[in-house]
Amino acid sequence: MANQVPDPQCRILIAGFGAIGKTMCRQAPQSSLISLSRAQNSLAKQHIQADLLHPETLLQIPAIDYVVFTATPDCRTESAYEATYNRALANLLASLSRHQVKRIFFVSSTSVYGQHNGERVDEDSETEATSFSGKIIRQGEQILAHHPIPSTIVRFGGIYGNGRSMLIRHVKAGVDVANKPAPLTNRIHEEDCAGLLLHLIAMDYSGKSLEPCYVAVDNNGADKAAVYQFIAEQMNQPELVNLLPTAPSNLGKRCDNSKMLSTGYQLSYPDYRSGYQQMVEAMAQE
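Under UniProt numbering, the first residue of the sequence shown is numbered 1, with each subsequent residue one higher.
I should point out that these hints are in silico values taken from the structure, not numbers from a laboratory.
Glycine included, C-beta positions come from ideal geometry on N, C-alpha and C.
Below, a list of computed lysine-lysine pairs in the PhoX-like style, where the Cα atoms sit at most 25 Å apart:
id : residue 1 : residue 2
1  : K224      : K135
2  : K259      : K102
3  : K172      : K224
4  : K224      : K180
5  : K45       : K22
6  : K102      : K45
7  : K259      : K135
8  : K102      : K208
9  : K208      : K259
10 : K102      : K22
Now the in silico label distances, taken between C-beta atoms and shown as ranges:
id : residue 1 : residue 2 : range
11 : E119      : N41       : 36 to 42 Å
12 : S97       : E119      : 38 to 44 Å
13 : G158      : A63       : 32 to 38 Å
14 : H116      : Q278      : 26 to 32 Å
15 : S274      : S206      : 25 to 31 Å
16 : K102      : I143      : 17 to 23 Å
17 : I143      : N242      : 42 to 48 Å
18 : A94       : N236      : 52 to 58 Å
19 : N242      : L43       : 38 to 44 Å
Taking the hints into account, I'd like the entire structure generated from these sequences.
Okay, structure coming up:
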């Protein structure tokens with residue numbers, strides 16, 4: 001089954017219009033996407049210049065069918081995360097009381113899981129985050145779970161692609177990585193983040209049932225050393241990766257994407273190799 005795109009009559013508010021929202025607009029130019037952010041933009045069919053932390057600015061939200069909450073903190077501090085995933089989310093939900101919203105999609109993270117000994121995790125696994133960011137994102141999930149509007153949480157792994165090139169920068173600078181064993185990592189390309197959200201919205205709009213939560217990662221959770229080595233090999237500089245004969249304190253976790261795949265969504269980048277190969281080739285042509 002091909003990936004689905006929402007019907008043009010389906011009105012979708014993207015609250016917190018960042019990279020994922022912009023990619024959604026590019027992938028579905030015929031869809032009725034409405035962006036909401038503090039900055040101006042012309043990518044969506046309609047834009048609302050508003051601030052989620054100032055409820056009075058949200059009164060201008062028009063009639064909508066779906067909401068995708070993609071807001072991100074301004075910086076990596078506890079107060080910034082609380083502002084986004086507690087206050088901003090609560091303000092948005094309050095503003096939706098006058099609308100007939102079918103479903104809210106919440107962009108979450110696999111950081112809500114605290115497992116770090118190589119365990120397999122899925123949507124039903126315990127969520128006992130150890131980082132402040134994971135704990136606060138989990139609070140946002142719980143706010144939605146207790147709200148009357150139906151919601152679906154999408155827990156993305158590490159997002160890369162379309163300018164998100166942290167690992168490539170690490171390799172270019174030379175990187176040391178534990179290898180006995182190397183920590184497990186889980187990721188998903190930004191194109192697939194946007195594609196999956198559009199696919200799920202289209203499913204719900206057409207009457208298909210959705211799960212309350214999806215773990216969204218590619219098909220190849222891999223140890224960090226292997227990913228670094230692959231990137232270095234694509235750059236023809238394998239010497240930039242130094243494998244340390246030590247075990248890391250955090251072995252990571254292996255995220256299970258079975259429920260995501262059961263929706264029929266087909267990954268554009270099914271593993272890190274396909275994604276990073278394309279990125280390295282594109283950077284070489286710049």
